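A.B. asks: What follows is the residue order along each chain.
Protein chains: 2
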Amino acid sequence: MERVDFSCVELTGGFFKEKQNLIREVTAKAVYDRFCDTGRFEAFKLDKNGVEPHIFWDSDVAKWIEGVAYLTMEKKEPALEKIVDDLVLEIEKNQLECGYFNLHYIYHNKKHFENRDNHELYCLGHLIEAGVAYYQATGKRKLLDLMIKYVDYVEKRFKIDKDTGFTTPGHEEIELALVRLYEVTGDKRHLDLAEFFVNERGKRREDPEGYWCGGEYNQSHKEVRAQDSAEGHAVRATYLYCAMADLAKKTGDVSLKNACKSLFDSIASKRMYITGSIGSTYQSESFTLDYDLPNLTAYTETCASIGLVLFAQRMLLLENDSKYADVIERAIYNGIMSGISLDGKGFYYTNPQELIPVLRERNHCVYENREYFPEAQRREVFECSCCPPNIVRFIPSIGNLIYTTDGDKIYIHQFMESKAKFEIGGQSVEIEQKTAYPFDGKIEIVVKGNATVFVRVPEWYDSVGGYVEYKCQGATKISLDYEMKPTLIEANPRVVDGCGKCAIMRGPLVYCMEQIDNGKYLRDITIPVNCQFKEGYDKSLCVPTLEVDGYRRVENGKLYQKYTGEKREIKAKLIPYFAILNRGTTEMQIWHNVR
Amino acid sequence: MERVDFSCVELTGGFFKEKQNLIREVTAKAVYDRFCDTGRFEAFKLDKNGVEPHIFWDSDVAKWIEGVAYLTMEKKEPALEKIVDDLVLEIEKNQLECGYFNLHYIYHNKKHFENRDNHELYCLGHLIEAGVAYYQATGKRKLLDLMIKYVDYVEKRFKIDKDTGFTTPGHEEIELALVRLYEVTGDKRHLDLAEFFVNERGKRREDPEGYWCGGEYNQSHKEVRAQDSAEGHAVRATYLYCAMADLAKKTGDVSLKNACKSLFDSIASKRMYITGSIGSTYQSESFTLDYDLPNLTAYTETCASIGLVLFAQRMLLLENDSKYADVIERAIYNGIMSGISLDGKGFYYTNPQELIPVLRERNHCVYENREYFPEAQRREVFECSCCPPNIVRFIPSIGNLIYTTDGDKIYIHQFMESKAKFEIGGQSVEIEQKTAYPFDGKIEIVVKGNATVFVRVPEWYDSVGGYVEYKCQGATKISLDYEMKPTLIEANPRVVDGCGKCAIMRGPLVYCMEQIDNGKYLRDITIPVNCQFKEGYDKSLCVPTLEVDGYRRVENGKLYQKYTGEKREIKAKLIPYFAILNRGTTEMQIWHNVR
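Chains A and B are the protein sequences, given in the same order.
At position 35 of the first sequence the residue is numbered 1258 (this note's numbering), and the sequence of numbers has no breaks.
At position 18 of the second sequence the residue is numbered 1241 (this note's numbering), and the sequence of numbers has no breaks.
Bound-form chain A, shown alone (with noise of 0.2 angstroms):
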């Protein structure tokens, strides 16, 4: 199998359409504005009189080049183009003679390598993939071999002199660049590295007695080939996933395939919330348990869901199983969708599955270790800023989720308007998708070309999944209507928070409640489970809305009395979980007590 590269994806309409101009007009300059105010930019000077770099300013920064790399792909942005060419000059003129680059060691004139926790490598990852992004988009390949010269010297100290004070880092995504950089420059070495670093991990204790989380913080529990269960920290578990299944296709290593399929069905089966999110708890910011996934204080980190998404992509390329591209579909549209406000200058860094505000107050007379609770709003500068950059980067290059292809077969797994063109068995296959997804069904797919195409159906649809195989033949018309109706979904009984409710879903859409619509105590709504909806929309957010009859209780003021049974019946509205928060602080939830 093989990825169709979102180059040859253009989108033309439609939800992801409107996102990416979203990214392009608005979110990709309000990033920029906000890494200016808080010095990431200035800090490439590397002047030891000015700001002090983080250590992961270097990645913030890499990851929002590889966004405008993407951007530039489909349509230049000179001004963009300067700040990245000049920025690119500073890091030239910065890096040392050896090859190493890092802005906050540089500055401090740190021993390199000394510790795995310091986002060395991390950095360095996240410049490769920018290098690789803006040389395919601009041909300016000098990021590109920045990079290289630095990998270089990484290769030297880590595999051939092997004098680092640690063998693999703590914060896994080098191993995924260095695939990428691989599958650019062709040199194996490149690969070689990548595998170095997956295979050394958990082969011994790396981390320092007494660590404030064990071994599976940053999945170095055990060897990977070992690891069968979704562990730690999900944005580094999520990274070194990718680059498990990225070296299990290009070395057709089995037992690797095998680990990468256990931890996806780690995740998809037992430890990922219904919109795709993942990570349950604040502590570590990580995975807990099978089917623990607490809403009130889920973490489910944005960028934890893009690495989910980067995961399953990779998935498809070891097998075809509509299964990947379902959690796909409901990553995007939901949990990852909810990291960016609709003006498109906001962000979550953890997206909450449930926002009870007046929790918040519960310890309003303790000043530390406060129970944890996500953040209610969205904000426009974080200290810790990997996620804005990252949706920067991401969804400009959506496309990459749509085909893939395997010998002259193309697998259609996401429905987005768009037009591709790409080759297949020597030939070229155009493909143009008409659709209203996520908010409409019907999909007009035309393909011109001889290819036998796989359709995805989705699993909210029919439950069996799938594809369907055409045949096609010169220019061939597929219909398809997958009916969107709104659903009453239920948890696996071990979901705690689930039990007694059921969410509601119309397509892959996970709709929510929010008080600003429905008035405070969310949680006494009841939903009958024989209920209609109906259907609407919502001018101010500018999306479409459900309607459907529940009842509350009547309140009394009693604190405990016998059941009465009294009810007020009320008609709820649900809009869009991705639409979240846009109103302000409110009651939102997407668990709903039925009956």
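No wet-lab data here; the hints were simulated from the structure.
Hints are not guaranteed to be accurate.
Identical chains share a label here; the pair holds if one copy fits it or two copies do between them.
What the hints assert, rightly or not - Calculated pairs, EDC-like style, for lysine to aspartate or glutamate (alpha carbon to alpha carbon, straight line, at most 20 angstroms):
(1) K1385 <-> D1430
(2) K1785 <-> D1663
(3) K1743 <-> D1515
(4) K1493 <-> D1629
Since the structure is predicted, the reported quantities are computational estimates derived from the model, not experimental observations.
Add chain B to chain A, keeping to what the hints say.
C.D. replies: Okay, now just chain B, sitting in the frame of chain A:
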């Protein structure tokens, strides 16, 4: 209104008689043994080469002494008396010239009264209560006199010289103890000193800047008459409110009485668990917000529930309102009795309101600042051992809660098989109750004497509550039948953890489910609202049980799926909450999905 002291009341059978026997035969000795193991008795030798006393050990032993005194009131326990007498000699020997006595401070030769958080006055308070009780039980007044001398010193330092490092103690207890002392000595200085400590509280900030909790923690955020919601550490709070109620009674201070009423209602209407337990968070072991009663993370300390009952008991001396007796009933049969194991040797500090043991593994790779969950099993020994001796003194004196008098009126607040004889309006009255309460609502009361008797109507039986008046002449028989039918109880809609659920009560007893009877994933069980209950008996626990038809969902391994409505009918078994977790660690829940 006046108390009818438990010394006038003899339990002759039934639930609390059995518990009193347990305290006498097992618990008093078990606690003594554990106190010996930990050095709490040894510490009274104040041997500088011996065991180092903690700051609160005096109070642990004092409460134990008080318990021994109460047991002795009913029947002599020579061996225990000897232990107390020996201990009192040690106290006498080591009490400083000035009157001061404190194990930790004398051991370390520390300056007195510098740090309000170090429990000096707290320990004195419990020693006073021990001295009073022991004198009333045995006629021996040495301990009492030693404490009177200490109180003189406290008065001198705090009230006259005003040269202490703080004005009001960080842990309330001295206030109510001084009132008890006054009741025995008649010395108005003792009452005045209680008033002093209560009135000075909250007048000025006494905790250092950056104190880890705000003034609410120890109810010092406002002067007491201005406090209208229960805040902070639940034991500290209720002990303060006891003293406030005592003083309101003794002085007729209306603003103090009104504050007490607000504080009581704050707890009983908005901040109390269905078990009569209080304290919603481990953070400062305290109250949080109105209606904030999370089950999985409840703190609900045994001592706090006892404190609530002691407070409610005092409110009955301020006004005849059955709501106070209803709260007493709720706590004594549920949230307090859960604090001791059925075999009398194990104790809960925190009493789980829901238990899902696997969740404790949520942070299996985190070493610090783990999420809080209550202990699953009771323990025989504790570092902080306030709860076990609190139970040892509470249960033998539980007769305190049954009757009050008001002129020539007698109020029967609680129903326990018992014989009581006391004076009212110059004549002797005898009241005998025959009942199997809390398991049966039939109560036969025989009143010998002339009095107007008011009998409480439990709120669980008739939500109007109140008292029914009986004019009694000669020998009067009152036959009651408060029929106990298993009932679904709902919580106020603002209680997040109660939404969509009901608890089950039968009479005053809260029932609950345990995994050992019903299988894992109790949260998945649903009870139909029109359910029928069957009554049974558990021979291993020796408690009545309930059985009810309910259902679980059919699990098919999927994480999310369309709601199917498929059910698997089950019979759910419930046991009384006070008997929880006597059969090993198991899931336990009070609130169940209903439909």
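A.B. asks: Tell me the hint numbers this structure goes against, listed in increasing order.
C.D. replies: When the structure is compared with the hints, only number 4 turns out to be violated.
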